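Heads up: the protein sequence lines correspond to chains H and U, in order.
Note that this note's numbering has the first sequence beginning at 1003, numbered continuously upward.
Note that this note's numbering has the second sequence beginning at 47, numbered continuously upward.
Keep in mind that the hints are not guaranteed to be accurate.
Ranges of calculated distance between the beta carbons of each label pair, as one might list FRET restraints [unchecked claim]:
1) U:Ala61 / H:Tyr1182: 35 to 41 angstroms
2) H:Asp1527 / U:Pro65: 33 to 39 angstroms
3) U:Ala97 / H:Arg1200: 51 to 57 angstroms
4) U:Asp92 / H:Thr1114: 49 to 55 angstroms
5) U:Cys107 / H:Pro1661: 24 to 30 angstroms
6) U:Ala61 / H:Ala1144: 48 to 54 angstroms
7) H:Gly1757 / U:Pro65: 38 to 44 angstroms
8) H:Ala1479 / U:Gly120: 28 to 34 angstroms
9) U:Ala61 / H:Asp1878: 50 to 56 angstroms
10) H:Glu1717 / U:Tyr142: 29 to 35 angstroms
11) H:Arg1200 / U:Ala64: 20 to 26 angstroms
Footprint (simulated), chain U over chain H, 3 or more residues, beta carbon under 8 angstroms [claimed, not checked]:
12) 1552-1559
13) 1586-1595
14) 1730-1744
15) 1760-1773
Just so you know, the hints here were simulated from the structure itself, not pulled from any lab data.
Computed from a prediction, not measured in an experiment: that's the story for all the values here.
In this text, a Cβ means the ideal position worked out from N, Cα and C, and glycines have one as well.
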Amino acid sequence: MTGSFRTASGGTRIDRSRTLTFTFDGTTYTAHPGDTLASALLAHGVRVVAQGPYTGRPRGVYSTGAEEPNAFVQVESGPGEPMVRATRLEVHDGLRASSLSGRGRLVDAPDTGRYDKVYAHCDVLVIGAGTAGRAAALAAVAAGARVIVADDRPGIGIEASGELTVLPRTTVTGHYDHGYFVAVERRTDHLGDAAPARTARRRLWHVRARRVVLATGALERPVLFPDNDRPGIMLAGAAAAYVRRYGVLPGRRAVVFGAHDGALQAALDLLDAGVEIACVTDVRASTGPLGDRLRERGVTVLEGRAVTGTESGPDGILTDARIGGDIVPCDLLAVSGGWNPDLHLFTQAGGRTRWSAEHAAFIPGAPPRVPIDVVGSARGIPGEAAEHLPEGADGLVFVDLHRDATLAGVRDALQAGMTSNEHVKRYTTIGTGADQGRTSGVPASGALARLLGRAPGEIGTTTQRPPVEPIPFAVLAGRDRGDLLAPARRTPMHGWHEEHGALFEDVGEWKRPRYYPRPGESMDDAVLRECRTARARVAALDASTLGKIDVQGPDAAAFLDRIYTGRISTLAPGRCRYGVMCGTDGMIFDDGVAARLAPGRFHLTTTSGNAARVLDWLEEWLQTEWPELRVRCTSVTDQWAVVALAGPRSRDVLTALAPGLDVAAFPFMATREAEVAGLPARVFRISYSGELAYEINVPSWHGLALWEAVMAAGEPHGIAPYGTETMHVLRAEKGYIVAGQDTDGTVTPHDAGLGWAVKAAGGWVGHRSLHRPDTARADRKRLVGLRPRDPAVVLAEGAQLVAEPPPAEITHPVPMLGHVTSSYRGTVGSFALALLKGGDEREGETLYAVDSGRADAVTVTSPVHYDREGARRDGDG
Amino acid sequence: MTAMAEGSAPRSAVAHLAPDLPDRPGGAVRLREVAFPAQVELRLDDEDATAFGPRAGQFLCCGMPAPGHAAGAGDPYVLWLGPGWYLAVDRPGSAYGLLAGLRDALGADCGGMCGSAVDVSAARTVLELSGPSARAVLAHGCLLDLHPRTFGPGRCAQTVLAQAQVVLHQTGAADYRLLVRTSYADHLVRWLLDAMTEYV
């Protein structure tokens, strides 16, 4: 097939004054601005644009739009994209594309293009900007409404203005509850290399609309016949549209095969465009006035007859249509079986369709529960259409070209006992492709109805779900990638940590320094050095991430007595107490320190990752259970930057920084307001390391100044910064738990060795559950320490504890006695914390820690591995 | 609470990003930090709000805001954060007086204050986003409808922007304040700078 199929003039969408070049399957072609890849290829007589995914049969362009089942191509130029409809791919200079057989290839190079999202609101969303859609939009604008018009075509004959937003090249992909829509706008794809780099290539729109106007039009459906998949066979309305819109002849000699007047109209259009019409055949017994008009113009019109097969050359391209015994040479077979209103967005939100004989189509029935208006052709195009199902067994009758699924498959499904179209869909795959079965769904329902001897309305259509077409992940991700994927919460000292070589770890959303390696140091080296510095001299930790809650009110103390396992109301102002919170199940939920600042005012700390949950927990109890308590909670996590100063020299450092503070008379578990480094500070003398330690709080905007002052004042004492890894080693050596690491929602305070922090009197959250027989069992898992027999081994956290070394071949279940919760190499050597059945009663026993096929002998010890006497708390004198 | 010590300049959580902020007068969109205003968070229950809200409003000279609104045009101003939940904002360095005045207004002087007043001046970074494209920039992440028919000068809301909790306060036809927890400020500013790509 050679020569140009471009007409001498005409084409409403193309600009003939300019010529573009593009490449398809390695061959370079020309096109005009406004051409789609499909129209440009047809203009050059390129008939084969794809292959059937399973049959490998050549396939050609079948339609002009989103309903296209065949012409999916791989875009190779620019960022590349798999499975793009050639019928919607706008040609630009330098476009390179290649044919596919129903499956695209993921592009493996990173897509560096820009994608973004917009949240939009409107009174009226108009989907589809044909005649009906434009009229609806203008009427809504005239009534003063905020209007958005979206259409997936490039040109919308309506101008944006004031409260009218116009979105061309935009596909509304989903209709969700309460007037919520998702749409994808293709903004620069059509510009190729000329696309501005700063402009988002595609935009994901989230639209909230008070009401929606569906002006999505109607899609042509085919008629089924054997060998109906050859290149050269296309929808009749599409064939006429290629001439009208693009000045492209989809063939020179056509057979038109139809079941309704639309096919006859298309034949007239093709005739007007200069296409020779070999014959028109209609399955109806009478073709009426349109048939007469065709005959008047010398066209052979056959009535009550169907195309019964097609012939092709060696290249698989259509050469003849068979109509019964007649063989009619042709290079275009234009088919049309009727019009289907495009109601994806109607049914996605719960609308129902119903069969209308008057329209020979499924039209809008019961609407979804949102204000919705269906206008124009989407309501159905009145007119009869005949049903037709080929009888013979010659050739393959494709119901779904995209899936290569045939009528024989539908018959097989019935043989297998299926009668529901949903079952047949899944059995045959008809309608499950990227084209969402736009050209196959209704023919499949029709075939099923005929084979079962039922009416189409009894069969209905299969459920349509969003999205109406695939959305690339890059569009869904938008700008939420790389550095912007998730917030990284930074403390005021973050920059200092970076400058001083800290390696960070994620703690909730926070970035926390994990350790500060010096040149040549491994992580173990650095952590051990930091540990020794804290134990022997003084070290500083950025503890700003601690959750902090200000609790105020006359009933604050009574409230906290009900929330913590311990008694808070007996605290004197200026004193602190360690506190454990349990859930109603009596299991540890969080722990921290409660400091009484004044009779009716407390400062609580929570674990870094749990701050928001603890505040929610307090609010929940106050709002729902104890609204009579006069207590108010305020998050002050971000108000305060915190430097934890640990080690025997920390008193010297604090003394140097806070000359006005009587450091010598500052008892353990107390808090003081003071000026530290010239900054207004709230200092706590609490220790999470077992050493003499202080936590200095200053307003966050002074955090860096405080940190730098601490480092300077500590320099004569050999101060070093330490990170979370060292913090963990220090706390674990002392047997201090981390809620959420050494506990897992099944650990009571007693299990964790914190019975001393539980008051006998009741009336607090979790108390009742701690009096169940189960929480009093002697063999509950309790916190213990472990020492590996081989001191070179650091146990894996999560390793299972068993009584015997596992045999080489495991033949029966081995009882699990517990598991390792924390394991480090610290100043005491390798050690671990574990939850172990029977707990402290097993002290001295040898067990085995099993992980990943390896078993290490361990000795059960007290969880306190360092300074069991607590002698370090006040420093080294 | 100790008054802010002399000579210790507060340091912004987004100081390292300051050179990147578009602050060209007349630009399509401008972003700048409003440095270190005093901020006090108030919590009252319904009864307290009736009895003590007017006293607090009187002290602040701007009244207390209705739900979804801000009260006060200049300093101080008060933002409604939720039922019985307010944020009073005043010029830098005034936190001590602001806090003391509000505590008095809430009855601290007659023993047993109702509700709470907490100095949170350093808890939130205050950003100002303005210019003809400011609303479009926000629409890239803000789920609220900021159209003049539903939002506008004097309105405020707590919402989520760039996965960070923010207080959004519209101060002029094309002027917005964003109050964000300081630890999220770096993330939010970088997100805003990126969102402005097509507008600056």
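Hints versus structure:
no. : hint                                     : result
1   : U:Ala61 / H:Tyr1182: 35 to 41 angstroms  : 40 angstroms, holds
2   : H:Asp1527 / U:Pro65: 33 to 39 angstroms  : 38 angstroms, holds
3   : U:Ala97 / H:Arg1200: 51 to 57 angstroms  : 55 angstroms, holds
4   : U:Asp92 / H:Thr1114: 49 to 55 angstroms  : 54 angstroms, holds
5   : U:Cys107 / H:Pro1661: 24 to 30 angstroms : 40 angstroms, violated
6   : U:Ala61 / H:Ala1144: 48 to 54 angstroms  : 52 angstroms, holds
7   : H:Gly1757 / U:Pro65: 38 to 44 angstroms  : 56 angstroms, violated
8   : H:Ala1479 / U:Gly120: 28 to 34 angstroms : 42 angstroms, violated
9   : U:Ala61 / H:Asp1878: 50 to 56 angstroms  : 39 angstroms, violated
10  : H:Glu1717 / U:Tyr142: 29 to 35 angstroms : 33 angstroms, holds
11  : H:Arg1200 / U:Ala64: 20 to 26 angstroms  : 22 angstroms, holds
12  : 1552-1559                                : holds (count 4)
13  : 1586-1595                                : violated (count 0)
14  : 1730-1744                                : violated (count 0)
15  : 1760-1773                                : violated (count 0)
Of the numbered hints listed earlier, those contradicted by the structure are 5, 7, 8, 9, 13, 14 and 15.
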